[in-house]
Amino acid sequence: MKYYIDIDNIQNVPKIIEEAIELKKKPYSFKSLGTNKTLVMLFFNSSLRTRLSTEKAAKNLGMDVMILNVNDAWNLEYEDGTVMNLNTAEHVKEAAQVISQYADVIAIRAFPSLTDKEKDKSEFVINSFKRYASVPIVNMESAMAHPLQALTDAITIEELKQKDKPKVVLSWAPHPKALPHAVANSFVSMMKELDVDLSITHPEGYDLDTEIVKDIPVYHDQNEALKDADFVYVKNWSSYSEYGKVLSKDANWMMTKEKLGKAKFMHCLPVRRNMVVEDAVLDSEQSVVIEQANNRTFAAQVVLKKILENLK
Amino acid sequence: MKYYIDIDNIQNVPKIIEEAIELKKKPYSFKSLGTNKTLVMLFFNSSLRTRLSTEKAAKNLGMDVMILNVNDAWNLEYEDGTVMNLNTAEHVKEAAQVISQYADVIAIRAFPSLTDKEKDKSEFVINSFKRYASVPIVNMESAMAHPLQALTDAITIEELKQKDKPKVVLSWAPHPKALPHAVANSFVSMMKELDVDLSITHPEGYDLDTEIVKDIPVYHDQNEALKDADFVYVKNWSSYSEYGKVLSKDANWMMTKEKLGKAKFMHCLPVRRNMVVEDAVLDSEQSVVIEQANNRTFAAQVVLKKILENLK
Amino acid sequence: MKYYIDIDNIQNVPKIIEEAIELKKKPYSFKSLGTNKTLVMLFFNSSLRTRLSTEKAAKNLGMDVMILNVNDAWNLEYEDGTVMNLNTAEHVKEAAQVISQYADVIAIRAFPSLTDKEKDKSEFVINSFKRYASVPIVNMESAMAHPLQALTDAITIEELKQKDKPKVVLSWAPHPKALPHAVANSFVSMMKELDVDLSITHPEGYDLDTEIVKDIPVYHDQNEALKDADFVYVKNWSSYSEYGKVLSKDANWMMTKEKLGKAKFMHCLPVRRNMVVEDAVLDSEQSVVIEQANNRTFAAQVVLKKILENLK
Numbered sequence: 059m060k061y062y063i064d065i066d067n068i069q070n071v072p073k074i075i076e077e078a079i080e081l082k083k084k085p086y087s088f089k090s091l092g093t094n095k096t097l098v099m100l101f102f103n104s105s106l107r108t109r110l111s112t113e114k115a116a117k118n119l120g121m122d123v124m125i126l127n128v129n130d131a132w133n134l135e136y137e138d139g140t141v142m143n144l145n146t147a148e149h150v151k152e153a154a155q156v157i158s159q160y161a162d163v164i165a166i167r168a169f170p171s172l173t174d175k176e177k178d179k180s181e182f183v184i185n186s187f188k189r190y191a192s193v194p195i196v197n198m199e200s201a202m203a204h205p206l207q208a209l210t211d212a213i214t215i216e217e218l219k220q221k222d223k224p225k226v227v228l229s230w231a232p233h234p235k236a237l238p239h240a241v242a243n244s245f246v247s248m249m250k251e252l253d254v255d256l257s258i259t260h261p262e263g264y265d266l267d268t269e270i271v272k273d274i275p276v277y278h279d280q281n282e283a284l285k286d287a288d289f290v291y292v293k294n295w296s297s298y299s300e301y302g303k304v305l306s307k308d309a310n311w312m313m314t315k316e317k318l319g320k321a322k323f324m325h326c327l328p329v330r331r332n333m334v335v336e337d338a339v340l341d342s343e344q345s346v347v348i349e350q351a352n353n354r355t356f357a358a359q360v361v362l363k364k365i366l367e368n369l370k
Numbered sequence: 059m060k061y062y063i064d065i066d067n068i069q070n071v072p073k074i075i076e077e078a079i080e081l082k083k084k085p086y087s088f089k090s091l092g093t094n095k096t097l098v099m100l101f102f103n104s105s106l107r108t109r110l111s112t113e114k115a116a117k118n119l120g121m122d123v124m125i126l127n128v129n130d131a132w133n134l135e136y137e138d139g140t141v142m143n144l145n146t147a148e149h150v151k152e153a154a155q156v157i158s159q160y161a162d163v164i165a166i167r168a169f170p171s172l173t174d175k176e177k178d179k180s181e182f183v184i185n186s187f188k189r190y191a192s193v194p195i196v197n198m199e200s201a202m203a204h205p206l207q208a209l210t211d212a213i214t215i216e217e218l219k220q221k222d223k224p225k226v227v228l229s230w231a232p233h234p235k236a237l238p239h240a241v242a243n244s245f246v247s248m249m250k251e252l253d254v255d256l257s258i259t260h261p262e263g264y265d266l267d268t269e270i271v272k273d274i275p276v277y278h279d280q281n282e283a284l285k286d287a288d289f290v291y292v293k294n295w296s297s298y299s300e301y302g303k304v305l306s307k308d309a310n311w312m313m314t315k316e317k318l319g320k321a322k323f324m325h326c327l328p329v330r331r332n333m334v335v336e337d338a339v340l341d342s343e344q345s346v347v348i349e350q351a352n353n354r355t356f357a358a359q360v361v362l363k364k365i366l367e368n369l370k
Numbered sequence: 059m060k061y062y063i064d065i066d067n068i069q070n071v072p073k074i075i076e077e078a079i080e081l082k083k084k085p086y087s088f089k090s091l092g093t094n095k096t097l098v099m100l101f102f103n104s105s106l107r108t109r110l111s112t113e114k115a116a117k118n119l120g121m122d123v124m125i126l127n128v129n130d131a132w133n134l135e136y137e138d139g140t141v142m143n144l145n146t147a148e149h150v151k152e153a154a155q156v157i158s159q160y161a162d163v164i165a166i167r168a169f170p171s172l173t174d175k176e177k178d179k180s181e182f183v184i185n186s187f188k189r190y191a192s193v194p195i196v197n198m199e200s201a202m203a204h205p206l207q208a209l210t211d212a213i214t215i216e217e218l219k220q221k222d223k224p225k226v227v228l229s230w231a232p233h234p235k236a237l238p239h240a241v242a243n244s245f246v247s248m249m250k251e252l253d254v255d256l257s258i259t260h261p262e263g264y265d266l267d268t269e270i271v272k273d274i275p276v277y278h279d280q281n282e283a284l285k286d287a288d289f290v291y292v293k294n295w296s297s298y299s300e301y302g303k304v305l306s307k308d309a310n311w312m313m314t315k316e317k318l319g320k321a322k323f324m325h326c327l328p329v330r331r332n333m334v335v336e337d338a339v340l341d342s343e344q345s346v347v348i349e350q351a352n353n354r355t356f357a358a359q360v361v362l363k364k365i366l367e368n369l370k
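Chains as they are written, first to last, in the working numbering: chain X, 59 to 370; chain F, 59 to 370; chain U, 59 to 370.
It is possible that part of the hints are untrue.
Copies of one chain are not kept apart here, so a pair can be met inside one copy or by any two copies together.
Unchecked claim - List of simulated lysine-lysine pairs, DSSO-like, C-alpha gap at most 30 Å: (1) Lys303 - Lys235; (2) Lys179 - Lys272; (3) Lys235 - Lys177; (4) Lys303 - Lys272; (5) Lys83 - Lys225; (6) Lys151 - Lys95; (7) Lys315 - Lys151; (8) Lys370 - Lys320; (9) Lys272 - Lys223; (10) Lys89 - Lys60; (11) Lys73 - Lys235; (12) Lys175 - Lys84; (13) Lys83 - Lys151.
To be clear, the hints were calculated from the coordinates, so they are not data collected in a lab.
Sequences and hints are given; from them, build the entire structure.
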């Protein structure tokens, strides 16, 4: 693997899932692979799981890790040709080239503005780093994609599925704040790579990017969508057509034990209890959110392993 | 040792002090104990000594360390059954379970509000983590206890005492801000475990928790209390009865060279010079605050060592 | 080397440059030197390059690294005899002595106020740490000096020079904000140690400290100064005589391809494009700013190596 910007950078999804599950059994078996290799983690946004699991993954492989909250330094400029006489102190051209010299791999978290759709879609932060860096880039959630989360989700479904082709439903949920589309986008893209029966359910006005959804069935009737589901992935996102708007906080879309039926409940976390999903679901054995979060380590680890192997 | 929430988690205080003093002589002699073990340090409040000494202690044992300022992520919810539609983005139930999967030990610093006595007494932050985490918890100062500091203090007294049963006085001092009771509480509790003659002196209105103080002599006359002391531990705390109030900033309670007599001067640091204690004390040979701070490393190291040994 | 506060702590500049270039070829060849040695990095100001390159350098030598943004803790007091009843919670006397016990080397970044010239010139932050610490101090940019940058610059010129005594010009550039003199000061001091033909050019009112400049030729005509230069080091600084004032933002002083001639372009970064220097320079092969930034690692590494060797 040369870099991990989006899930299509994985050549063989079933193979990488298998390898992640092997790493989970023996997390320290490649500890010499990362000797004298450094992962620089750049955070433009806050993080708990991604921060800790990716750092852990790198250390499991014997890498050194250096973490920089970029906002603790200064604002970067991304536009070409700007007269930098205002709030940006360094151009990403320099920053990316410079950091590449201190790093063997650079991992980046940079959320969308949710105000300028075209700019967000351009993925200017991570793509600028990819363009100017001389080392591989790993996406720790960008404006439109969260491929480490999606790989985690795929590992979790592969581990827990009880039939060859499980029914998987992505179900929108209400949330007090406007959230990005990254998790939903990458989940849908990843599910297409697995042998699952995928559908999506959300209120009107919440259609995801049609280029991603394509011919996946979409239901506005949540109950109809959830029928006989094996895995229900619950996630809020703001409107994509009326970009970044919160069109509904309808509590009827909250996931409940009753709606869930016998399905496994999935969520990327953090999750707002009794807003996105009721306690009874999260506190039941059907919830696999903790197992999912555990798999974050091995998703990151298999990606870093593939990248390190390719460096040699 | 299964965890270190409060000093009563130590089975044998004299034994652990002895072991800490051994570690101080050979800090790297157990460096293989922490191989492939990770300490996650969670800070809800600022730290200098605790941060550096605990990180150092873990690395002396060969552990990996991951540090998260939780406020850089988001606010946690601690109440059960809440509809999380406001300022808390993740419930401690999830956070504690998730972080446990990236950590072998979790260390936590979480100060009290000093506004809600019952809530502070409930130790809801550290106790919630203890309840939901699947790995041992170490207290790096909670609302009502600072057991790593108390262990440090015990080590220091054990190292420096010149008689079998030294006279130890805990003396309140003025301070511009309202401070917690954690250090004073844990110091009193720890002194009961040592063979010392303990007394406490403070102005009226500054009584500590009677469940902790019990039958320890308390003086409102500082000079009377300090007479023939071998160790004087100076510390400010806010009122416990009029919870979190600053009832006095009476400069007469500042520790001076004259009042100190021939005693050793102790303080947990940071200390405000010429407010809590005059320069002449801190700059004299009677001050052992630097030695105390050094022992923070070995207090943390012996605790982590005991916990790691118990994990095996 | 006992410590690295300013470049005159280097005994033999050509020798240390040579050693840095050797380290660059084999960065991990002294990895056992730092075993069980800890570098504590204290930041009073933001950092990107210095933070990452110094951390990398320490790890290349096998050291453990602990990083503290001091502003995340509390304000330190530097004055003697103060009654600390206001905003400072800990005196540098205690802080420096305490941190020394957790560190084998302490590296410090502390920028000037640019409002109180005498106080800035006193270098009270780094000098207080030097005075009270019991371990070596490394300057990661202080009020008036940036000796790691200057060593980097010397390494870069030594690597890239194409004649025995190259002509080196330090050229002032406009900037929207008032910047310190540290980089310019240390660059000038370092160039005196090399066999180069140094001159300085800046608008009137921008004279650097005469004790540093001494008999180095100074031109107010930039074109005259730049004639036949081999290396042009561009840097903004605020006025030193009218201390901390921005007297000019004259765009005519921006470095351009035309003015640069055939010289190599140097800058310490971060650099504001099209304000300090035009894109055409930075994007050309004449720019060596990325190579400079790379050498930050080896400047820090050779300094840490010298200090570690002296500890033994």
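Up to 30 Å CA-CA - Lys235 versus Lys73, copy category: Neither way: Lys73 and Lys235 sit 37 Å apart in one copy and 53 Å across, limit 30 Å.
Within a copy, between copies, both or neither: where do Lys83 and Lys225 come within 30 Å Cα-Cα? within (27 Å within a copy, 56 Å between copies)
How do Lys83 and Lys151 come out at 30 Å by Cα distance, when the copy is not named: within, between, both, or neither? Answer is between: at 25 Å across copies they meet the 30 Å cutoff, but 40 Å inside does not.
Using 30 Å as the alpha carbon limit, work out where Lys370 and Lys320 are close: within a copy, between copies, both or neither. neither (47 Å within a copy, 38 Å between copies)
Could you figure out if Lys315 and Lys151 sit no more than 30 Å apart (CA to CA) within one copy, between two copies, both or neither? between (50 Å within a copy, 18 Å between copies)
At 30 Å max between alpha carbons, let me know whether Lys151 reaches Lys95 within a copy, between copies, both or neither. So Lys151 and Lys95 pass the 30 Å test inside one copy only (23 Å; across, 35 Å).
Using 30 Å as the alpha-carbon threshold, which applies to Lys272 and Lys223: within, between, both, or neither? within (20 Å within a copy, 66 Å between copies)
As a check of your reading, is Lys89 near Lys60 (CA-CA no more than 30 Å) within one copy, between copies, both or neither? both (20 Å within a copy, 28 Å between copies)
What label fits Lys179 with Lys272 when the C-alpha limit is 30 Å: within, between, both, or neither? within (17 Å within a copy, 55 Å between copies)
What label fits Lys175 with Lys84 when the C-alpha limit is 30 Å: within, between, both, or neither? This pair counts as neither: shortest intra-copy Cα distance 42 Å, inter-copy 47 Å.
Can you tell me if Lys235 and Lys177 fall within 30 Å by alpha carbon in one copy, between copies, both or neither? Close inside one copy (20 Å) and across copies (28 Å); limit 30 Å.
I want to check one pair: Lys303 and Lys235. Are their C-alpha atoms no more than 30 Å apart within a copy, between two copies, both, or neither? within (9 Å within a copy, 37 Å between copies)
The structure fails hints 8, 11, 12 (numbered hints given earlier, in ascending order).
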